[in-house]
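Visitor: Sequence:
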Amino acid sequence: DNLAAAFSPELVDRFIYVIDVAQGEKLPRKGGPGMGRSDLLLINKIDLAPYVGADLAVMESDTRKMRGARPYLLTNMRDGTGVAELVSWVKAQLAA
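Sequential numbering of the sequence shown, starting at -7, is according to this note's numbering.
Heads up, some of the hints might be wrong.
[As the list claims (entries may be wrong)] Here are the simulated SDA-like cross-link-like pairs (lysine to any residue), alpha carbons at most 20 angstroms apart as the crow flies:
#, residue 1, residue 2
1, Lys18, Arg59
2, Lys18, Pro63
3, Lys18, Pro42
4, Lys18, Gly45
5, Lys83, Pro63
Hints listed in this document are in silico derivations from the structure and should not be mistaken for laboratory results. Computed from a predicted structure; not experimentally measured.
Construct the complete structure from the given sequences, taking the supplied hints into account.
Guide: Here it is as structure tokens:
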């Protein structure tokens, strides 16, 4: 979060903010600049949810409330969940 607080969006073309399920299911609810202003939010390590007591449905619901129409993805980079969607999003941004 300290990095996001010092981050200047004017320095980038697109802003992808990555959070980790192990940080807790309440993280999307807390908001912050990365949650609300990023072009894409990645909620990564979704496979860890059962081990840290995080409810992905709660995280998704809170994310939708915080981000409105801004896109987000649930990902697990280890098994590839959400990677194809991430690649598609990046390609679409490069083409824009």
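Visitor: The structure should be examined with respect to each hint, and the outcome stated for every one.
Guide: A quick look at each hint next to the structure:
{"no.": "1", "hint": "Lys18 with Arg59", "result": "holds, 14 angstroms"}
{"no.": "2", "hint": "Lys18 with Pro63", "result": "holds, 19 angstroms"}
{"no.": "3", "hint": "Lys18 with Pro42", "result": "holds, 15 angstroms"}
{"no.": "4", "hint": "Lys18 with Gly45", "result": "holds, 11 angstroms"}
{"no.": "5", "hint": "Lys83 with Pro63", "result": "holds, 15 angstroms"}
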